[in-house]
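K.L.:
Chains D and U supply the protein sequences, listed in that same order. Each residue of the first sequence is one higher than the one before, starting from 1 at the first, in the numbering used here. Each residue of the second sequence is one higher than the one before, starting from 1 at the first, in the numbering used here.
It is possible that some hints are incorrect.
One copy or two, it doesn't matter: identical chains are merged, so the pair holds either way.
[Claimed, not checked] Capping the alpha-carbon separation at 25 Å, the derived lysine-lysine pairs in DSS-like fashion look like this:
id: 1; residue 1: K317; residue 2: K138
id: 2; residue 1: K248; residue 2: K377
id: 3; residue 1: K237; residue 2: K162
id: 4; residue 1: K384; residue 2: K38
id: 5; residue 1: K248; residue 2: K2
Worth flagging that the hints you see were computed from the coordinates, not collected in a lab.
Number of protein chains: 2
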Amino acid sequence: MKAAVMGYGTIGSGVVTVLETNRDVIASRVGEVIEVSKVLDLRDFPGDPIEKKLVRDYMDIVNDPEIRIVVETMGGVEPAYTFVKAMLKSGKHVTTSNKALVADKGAELIRIAREHNVNFMFEASVGGGIPIIRPILKCLTGDVIEGIYGIVNGTTNYMLTKMAAEGSDFDDVLKEAQDHGYAEKDPTADIEGHDAQRKIAILTSLVAGRQIDYQDIPTEGITKISATDMKYAEAMKRVIKLVAASRKIGDTFSARVAPLMLPEGHPLYHVDDVFNAIMLHGNMLGDGMFYGSGAGSLPTASAVVGDIVDMARHIDKNVFIGWDDNKLILADPAADTYRFFIRTADDRSAVEAAFGSVEYVDAGISGEVGFVTGEMKQGDLDDKVQSLSDVRSCIRLA
Amino acid sequence: MKAAVMGYGTIGSGVVTVLETNRDVIASRVGEVIEVSKVLDLRDFPGDPIEKKLVRDYMDIVNDPEIRIVVETMGGVEPAYTFVKAMLKSGKHVTTSNKALVADKGAELIRIAREHNVNFMFEASVGGGIPIIRPILKCLTGDVIEGIYGIVNGTTNYMLTKMAAEGSDFDDVLKEAQDHGYAEKDPTADIEGHDAQRKIAILTSLVAGRQIDYQDIPTEGITKISATDMKYAEAMKRVIKLVAASRKIGDTFSARVAPLMLPEGHPLYHVDDVFNAIMLHGNMLGDGMFYGSGAGSLPTASAVVGDIVDMARHIDKNVFIGWDDNKLILADPAADTYRFFIRTADDRSAVEAAFGSVEYVDAGISGEVGFVTGEMKQGDLDDKVQSLSDVRSCIRLA
Numbered sequence: 001m002k003a004a005v006m007g008y009g010t011i012g013s014g015v016v017t018v019l020e021t022n023r024d025v026i027a028s029r030v031g032e033v034i035e036v037s038k039v040l041d042l043r044d045f046p047g048d049p050i051e052k053k054l055v056r057d058y059m060d061i062v063n064d065p066e067i068r069i070v071v072e073t074m075g076g077v078e079p080a081y082t083f084v085k086a087m088l089k090s091g092k093h094v095t096t097s098n099k100a101l102v103a104d105k106g107a108e109l110i111r112i113a114r115e116h117n118v119n120f121m122f123e124a125s126v127g128g129g130i131p132i133i134r135p136i137l138k139c140l141t142g143d144v145i146e147g148i149y150g151i152v153n154g155t156t157n158y159m160l161t162k163m164a165a166e167g168s169d170f171d172d173v174l175k176e177a178q179d180h181g182y183a184e185k186d187p188t189a190d191i192e193g194h195d196a197q198r199k200i201a202i203l204t205s206l207v208a209g210r211q212i213d214y215q216d217i218p219t220e221g222i223t224k225i226s227a228t229d230m231k232y233a234e235a236m237k238r239v240i241k242l243v244a245a246s247r248k249i250g251d252t253f254s255a256r257v258a259p260l261m262l263p264e265g266h267p268l269y270h271v272d273d274v275f276n277a278i279m280l281h282g283n284m285l286g287d288g289m290f291y292g293s294g295a296g297s298l299p300t301a302s303a304v305v306g307d308i309v310d311m312a313r314h315i316d317k318n319v320f321i322g323w324d325d326n327k328l329i330l331a332d333p334a335a336d337t338y339r340f341f342i343r344t345a346d347d348r349s350a351v352e353a354a355f356g357s358v359e360y361v362d363a364g365i366s367g368e369v370g371f372v373t374g375e376m377k378q379g380d381l382d383d384k385v386q387s388l389s390d391v392r393s394c395i396r397l398a
Numbered sequence: 001m002k003a004a005v006m007g008y009g010t011i012g013s014g015v016v017t018v019l020e021t022n023r024d025v026i027a028s029r030v031g032e033v034i035e036v037s038k039v040l041d042l043r044d045f046p047g048d049p050i051e052k053k054l055v056r057d058y059m060d061i062v063n064d065p066e067i068r069i070v071v072e073t074m075g076g077v078e079p080a081y082t083f084v085k086a087m088l089k090s091g092k093h094v095t096t097s098n099k100a101l102v103a104d105k106g107a108e109l110i111r112i113a114r115e116h117n118v119n120f121m122f123e124a125s126v127g128g129g130i131p132i133i134r135p136i137l138k139c140l141t142g143d144v145i146e147g148i149y150g151i152v153n154g155t156t157n158y159m160l161t162k163m164a165a166e167g168s169d170f171d172d173v174l175k176e177a178q179d180h181g182y183a184e185k186d187p188t189a190d191i192e193g194h195d196a197q198r199k200i201a202i203l204t205s206l207v208a209g210r211q212i213d214y215q216d217i218p219t220e221g222i223t224k225i226s227a228t229d230m231k232y233a234e235a236m237k238r239v240i241k242l243v244a245a246s247r248k249i250g251d252t253f254s255a256r257v258a259p260l261m262l263p264e265g266h267p268l269y270h271v272d273d274v275f276n277a278i279m280l281h282g283n284m285l286g287d288g289m290f291y292g293s294g295a296g297s298l299p300t301a302s303a304v305v306g307d308i309v310d311m312a313r314h315i316d317k318n319v320f321i322g323w324d325d326n327k328l329i330l331a332d333p334a335a336d337t338y339r340f341f342i343r344t345a346d347d348r349s350a351v352e353a354a355f356g357s358v359e360y361v362d363a364g365i366s367g368e369v370g371f372v373t374g375e376m377k378q379g380d381l382d383d384k385v386q387s388l389s390d391v392r393s394c395i396r397l398a
């Protein structure tokens with residue numbers, strides 16, 4: 001069976017490696033060998049085994065009737081969207097690792113795949129190598145999934161782990177992460193939470209069966225987290241993690257990406273470094289967690305190849321995915337309730353005037369007070385914070 | 001669609017509850033309502049809603065052509081084996097939570113299901129509600145799975161967690177676990193590791209695609225673990241867990257169930273209380289872990305219902321499971337290498353005469369020495385231990 005890869009970067013080349021390395025076992029699972037016959041990329045790869053398979057024009061793949069399966073690992077919405085749509089419409093199955101494409105166009109591409117009796121799969125778009133899409137669609141089918149709580153961005157998790165362990169400041173850790181190749185030159189998508197925002201939009205859409213627009217999900221990154229915040233977290237025996245979360249509320253969901261202070265004993269507490277973990281809460285199952293390498297060439301490629309095997313096994317059949325393009329309006333995020341950790345230069349009387357009785361936290365920092373509020377609505381918090389004159393941090397507790 | 005439940009105990013009644021509670025969402029996933037029309041049990045359940053559905057003879061289910069799906073939650077090999085075989089041969093799909101049945105007869109029942117174009121599924125037989133069978137069969141299909149490391153028995157994990165936290169002795173903790181309903185009156189299957197042995201046999205069979213006889217897996221329970229061992233573990237910053245493990249060695253596997261001392265940072269280190277976790281190592285994925293409620297009525301029933309949904313979606317089609325009854329001979333367990341923690345009343349010169357240079361552990365226990373050997377084969381360890389006169393503990397390190 002012939003396949004094509006669009007985008008021969010980190011993940012695309014990983015897919016070629018996985019198919020080559022595990023060629024025989026994959027053939028035994030599919031019933032025939034999966035062979036990559038064309039690779040779309042505008043760059044040259046002199047000396048690379050795929051050199052002779054390189055094509056520059058995606059129509060060379062569209063027009064190759066032998067190619068039944070296409071891997072999209074280019075990233076970004078365009079031109080990936082145009083290419084993928086053309087592949088599906090010409091009767092080819094497509095798997096992608098591209099969360100931007102899936103978050104933005106997932107519902108439509110699933111529909112187009114169904115109309116052409118092929119499959120559009122995207123296991124690698126969330127959680128890298130960790131199985132999470134298929135467990136939601138194929139395993140937890142006896143449950144109503146009521147909550148999703150994920151550490152889904154390896155870069156920020158690495159940075160927060162370093163900051164907690166070494167007491168270093170955000171900028172120093174970012175530079176170090178960039179030097180190690182864990183953060184990109186332009187780290188915006190990771191550190192501002194945009195990557196996590198797209199991933200929780202995808203997971204929530206799958207659980208809801210409806211389109212969630214990622215732009216509707218309130219998102220804070222980790223750029224405001226400081227070494228001082230980490231000291232308070234330590235004093236509270238908590239860790240700060242960037243959590244992408246979504247909770248069922250009646251017929252809709254409330255979703256948010258933000259740093260959270262997690263207590264010891266929380267399943268995500270010990271998820272460190274570049275690892276990812278996604279916790280699902282089912283109304284019957286209770287908590288289940290999926291943990292592993294959330295990024296990297298081979299782990300992510302492993303998930304892509306899992307899709308290839310599934311598509312090869314269903315080469316003449318569309319496997320139903322219930323994510324329709326009828327948009328779901330999320331619950332009002334101002335109605336979410338949390339306890340909040342706050343640092344302010346205001347004095348205790350100002351704090352108590354605004355918040356009443358609070359729990360003070362002593363982290364040995366002079367010239368400010370740190371405290372934890374009682375449980376309150378996000379909207380009320382936003383109001384009360386206005387009455388303080390110099391708030392330095394505000395981080396939600398889990 | 002009509003279903004029957006055989007065995008109305010903890011899990012069987014949980015299945016009825018899950019199907020009832022999530023009736024509408026399950027119907028939307030299957031395309032029709034799943035209705036339990038018969039329940040096989042020899043007991044009476046006066047006042048229970050299923051009272052009028054009770055049957056005493058399994059042939060009443062076999063002979064009911066409306067029943068397409070049968071749930072087996074009786075436990076034990078017989079009469080479950082006879083009943084399940086009859087159901088499959090009469091063209092009914094079967095899902096079971098019964099690890100004894102699956103470990104003993106899995107390959108044969110899978111073959112019989114295939115011959116009758118129905119399915120035999122058993123997601124709930126390992127890891128309770130945690131998806132693990134389907135991830136192995138359907139998700140990690142691009143990988144060669146080279147290792148499985150699981151905490152798969154909630155009772156013993158609860159006991160070891162208590163012993164570590166409270167310094168209590170085995171017998172006291174067992175009594176407490178029995179009082180809380182976490183351990184059975186006859187706890188042998190759990191504390192001697194027999195339950196874990198069957199579960200790792202099932203997982204290894206699925207990964208190998210061949211029959212692994214559970215009797216071939218060397219198995220130690222936790223009955224010899226003492227409060228003193230826990231003190232040494234603490235001094236070593238390790239925890240003791242009952243780990244069911246299996247590693248690929250060439251064309252076969254080496255499997256073992258035994259207490260292991262895990263270092264901080266090990267993915268299973270923080271798996272406490274009645275929780276289960278199973279770590280898989282893929283040659284491309286690296287480490288992935290699945291964590292959650294490993295037992296209990298509703299979590300386990302949730303996994304059974306996941307199978308029901310899958311079978312209802314494939315009501316006219318056998319879904320291939322590659323586990324054939326051609327038995328695989330496991331690797332010689334004497335060739336496994338480990339570092340070992342040993343406690344002995346012998347003195348240091350006797351220890352060093354036997355083991356050469358070792359790492360001593362000071363846990364403040366008088367009248368004995370505790371030490372860690374270098375890496376050595378299990379067979380060599382067994383020989384060397386003979387030269388000591390009073391060995392009190394011997395626990396492998398991970």
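K.L.:
Run every hint past the structure and note whether it holds.
P.N.:
Structure-based check of each hint:
1. K317 <-> K138: both (16 Å within a copy, 16 Å between copies)
2. K248 <-> K377: within (17 Å within a copy, 52 Å between copies)
3. K237 <-> K162: For K237 and K162, both the intra-copy (16 Å) and inter-copy (21 Å) Cα distances are at most 25 Å.
4. K384 <-> K38: Result: close neither inside a copy nor across copies, 60 Å intra and 59 Å inter.
5. K248 <-> K2: neither (42 Å within a copy, 30 Å between copies)
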